[in-house]
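*Asks:* Below are the chains, spelled out letter by letter.
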Amino acid sequence: MPEPLLRVENLRVEFKTDDGLVQAVNDVSFDLFPGETLGIVGESGSGKSVTNLAIMGLVPRPPGRVVAGRALYHGKDLLQLPERELSDLRGKKIAMIFQDPMTALNPFLTIAEQLTEVTQLHLGYSHQQAISHAITMLEKVGIPGAAQRLWDYPHQFSGGMQQRVMIAMALSCKPDILIADEPTTALDVTIQAQILELLRNLQTELNMSVILITHDLGVVAQVCHRVIVMYAGRIVEEATANSLFADPRHPYTLGLMQSAPRLDHARAERLHAIEGQPPDMTQLPAGCAFAPRCPFAVEESWHQQPPLAGRPGGGRLACFVDITKAPRKAAR
Amino acid sequence: MAHVETKPETQAARSDLPPADRYASLLEEARKLHGVSHMQDAWRRLRRNWAAMASLAFLVLMSVAAVLTPLVPLQSPILQDLENRQFLPPNASSRTLQLTSDGETKTLTQLLAEFRQEIERLEQDARTASPEERVKIQEEIDARYAVEHPYQKFWHQPDWLAWRLTDLRIILFGDWCLPSLCGADALGRDLLARLFWGGRVSLVVGVVATLVSLLIGVSYGATAGFLGGWVDDVMMRIVDVLYSVPFLFVVIFLITILTEETIKTEYLEPYGIDQIMIFYVVIGAIYWLTMARVVRGQVISLKNEQFVDAARVIGAGSFRIIFRHLIPNVMGIVIVYLTLTIPAVMLFESFLSFLGLGISPPDVSWGLLVNEGIQVITPIKIYWWLVLFPSLTLTLTLFALNFFGDGLRDALDPKMKNR
Amino acid sequence: MLWYLVKRIIWMAGTLWVVFTLTWFLMRAVPGGPFDAEKKIPEEIRRNIEARYKLDQPLHVQYLDNLAHVIRLDFGPSFKLLDYPVNRVIAEGFPVSASLGVFAMIFALTLGLTAGVASAIGRRTAYDYGFMALATVGVAVPNFVLASLAIVLFVFYLGWFPAAGWGTLRQIALPAICLGAPFAGYIARLTRTGMLEVLGQDYIRTAYAKGLRHRRVIVRHALRGAILPVVSYLGPAVAAILTGSIVIERIFALPGLGIHFIEAATQRDYTLAMGMVLVYTFLLFVMNTLVDLSYGLIDPRVKLK
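Chains as they are written, first to last, in this note's numbering: chain A, 1 to 332; chain B, 1001 to 1419; chain C, 2001 to 2305.
These are calculated hints, taken from the structure and not from any lab test.
It should be emphasised that the depicted structure is a prediction, and the values quoted were computed from it without experimental measurement.
Treat each hint with caution, since some may be false.
As the list claims (entries may be wrong) - Facing chain C, a subset of chain B residues (Cβ under 8 Å, in silico):
hint : residue
1    : S1244
2    : V1245
3    : L1347
4    : F1403
Unchecked claim - To give an idea of the chain C side of the interface with chain B (calculated C-beta under 8 Å), a few residues:
hint : residue
5    : L2002
6    : I2246
7    : I2251
8    : T2266
We put the beta carbon where it would ideally sit given N, CA and C, even for glycine.
The whole structure should be built from the sequences, with the hints applied where relevant.
*Replies:* Next up, the structure:
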């Protein structure tokens, strides 16, 4: 096993809201290895985005607060790093792209202004150098006429092109780690495939690690090596992509897969929606947060938090039940 | 899933159920939690905002004071006393309601008794007189009430309500009245009484003129928004143009012409239009513009809202949609804007009165009082009470209105919370 | 852009014409108004007026003749001031009012923007609460109250500023501050809200994710968006400053346009009043156009039509 590039340990993030304290991220640990693409899957509110914002030191405060945990990168704990040192890493070693490129790009500044400030800041480029580097980056992410388009404003680009600009901006300093927070969710399906393809190519080219946050298992299947499934702020299952898809072990993972439409399956097969609503994060149950929606839940699930332990077939799993053997309770 | 942790006994009961039923009961419970309407929710948020609540309390107090002013044992706001009381500083020596004429000083109750005797004498005459004379005498009685009644000497044209309240006051307090706690002005008039009576005028102008602007603005804006299309275009264009007219100047110009002596006496007064009324209309005519825009915007966005479609789909008619769905939803923003217009209007009134173009003596308003205070400032002597007290009451009221309006806006617009 | 300006000018001409026509007919049509033969006015002025307004001609001739004069920026003789054309009153008063307004605006913008940004950044700190309480006071206190209290305190009591006069910076300072204070308060609140709104935007998170320092994020990425509400408020603010300057000029006895306007109104000097209304309409229109233009400059998404 190679040395992990980033090691997150027992991360815990809380949010103060009007309705009470929310445990947005609860005891999350994982490793990110060099050159791999790690998928983090979960529905909205599962804590997948907050986990990564915490690593970047970008949890909005207030109302959010990192309560416990470590995020080790080259021996340094990112969570303890002074703001000054952390901001030296941000954009240079660890970069991030966001879900909606429309709102993630500053509408008041030209693309040139937004692209050049990163390299001028982190790499000490002169204005001239920064401009030519920006053009190279734009060409690399496939923007035609990059030299002219550099002087356009974000609203003059299409959604897909905006996301390419975001990627160019994030990769300007050749970071070790790219955190992509739902990079394709806001885009058309055809554009989605192009962006994912681009990300995959650039990853091999720059040999970086990517954390890909998504709620879309299709996206995971296309690009990820390893997958973490999160539910209600906790990791419920972790495995290599192949193992996870071939043999889902957590009832929630199974539910996700059954609710995703697949073209390669016979039409007669029904889609199974996961019953019920995502949990109320202010009042999580004492036991497994998924228990109220779980067709496999046993008495224990209601009272006790299932530990995240070894998973048959490799990886980790937090469930009391072996769903390959347990009977499925009658769903309504 | 909401109360699994907090209610152990229900949880215990529940765990006997199969998960599906258990979940159904949980959903049921969750559904009950959602009954709180928008308005209740807003009120709950508003109550937590102590600044807004303090302002509200202050404003309620102010309004009650304004309505009940004649009941408060105040001195006369119009009686002058140049010899003894000119620029009298604030003091606590007690006073009685009295009037000195022809070197003879009489209290209000004495004057009232005399007046009543007089009237009784006339009524006596009327009983023995011929029908024609009786009519004449009755006319004289009415005339005396309108001119010679002691109230007319102590207060400037009291209205019906003020008259009754003053009766009650005499019963309660007799001739006793509050000392000149705020001092007296250049003509020896009691400032405290003038503040109370001025507040009455200022508040009424604020409320009435705002209602006028509300009426115009809401109907204009709602019409434009609801009809849409070219009607909307034209109507909003007109508003745009009006926006670029410096209204204040036009208004001052209008007031100048309308208060010209001949116009006033020949054309307006016969129809019962006095200066204050001109005022209401003119101010209302300025402040409707923003209201119209706000309401139109709200109506348009609501028109496209899904719940209106939903209402239409289930067969609700236009009328029902307007009254059940649109109006309650526009209400919020209208109320907010209302609370913010009232201080603007009051400010404008005091501004015009300050310039001598608004309320004119013997009526009083706060703006007028501030102006009177400033007029007598000289480098040698400052009658601080004449500046301080009117400024303070005016400012505090405007302050409270602004605070309350802000609080209301935050409460009705939860997006703004945490700000 | 050019088309936009042309359109604005056409609108302005239209508005001015409407205002002129309305006030003109009001003056003429109202019996007992300024042109009533019964009016007692000094002989010389009567002669001036009769010559200028061609009172012996039919009404439409008078109107057109008048309009022609006004288009040539000739507002005619004053009603009350002997041998003193309205143009001269305006020419003398304008520089005073303009410099008062400009200084007040500069003061309001500097203080308001600084306080607003500081409040937004230090949200829920003592600064924030202090500034916002002050801002609310600034907004709620009528400027004539503020001005009179300022005179009592700074002129008579402390003697820091001269009581009257016009010309030096020391003489302009107090009136300009009193005039600008409510706007400073309002601008501070707008800036704070705008800033908080912008700081919650995704692109600010992007800027931090790029590794930019706090100061740079605020100055370069957040400020532009945050001042947009302030810019759109400048139009109404200019109108309100024009209004407010009347009071301030009166209290500080400054020889500006406003004081002439009030005199015109209370003395029923109709020609002067009408000239003023037209000048103010023009000013307001120009300012609004400038505001629109700068809005387009700040926000590249705005297209002027």
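*Asks:* Please go over all the hints and tell whether each is borne out by the structure.
*Replies:* To see whether the hints hold, each was checked on the structure:
For S1244(B), the shortest C-beta to C-beta distance to chain C is roughly 5 Å, which falls under 8 Å, so the interface hint holds. Interface hint status for V1245(B): upheld, as the beta-carbon distance to the closest one in chain C is roughly 6 Å, under 8 Å. Taking 8 Å as the C-beta contact cut-off toward chain C, the hint placing L1347(B) at the interface holds, the least distance being around 5 Å. Contact between F1403(B) and chain C, as hinted, is supported at the beta carbon level, the nearest pair being about 7 Å apart and thus within 8 Å.
Checking L2002(C) against chain B: minimum C-beta separation of about 20 Å lies over 8 Å; hint violated. Given hint, I2246(C) at the interface with chain B, holds; its Cβ is 7 Å from that chain's nearest Cβ, closer than 8 Å. Of the supplied interface hints, the one on I2251(C) holds, with its beta-carbon coming within about 7 Å of a beta-carbon of chain B, less than 8 Å. With its C-beta approaching chain B no nearer than about 6 Å, T2266(C) sits inside the 8 Å limit, and its interface hint holds.
In summary, the one numbered hint that this structure violates is 5.
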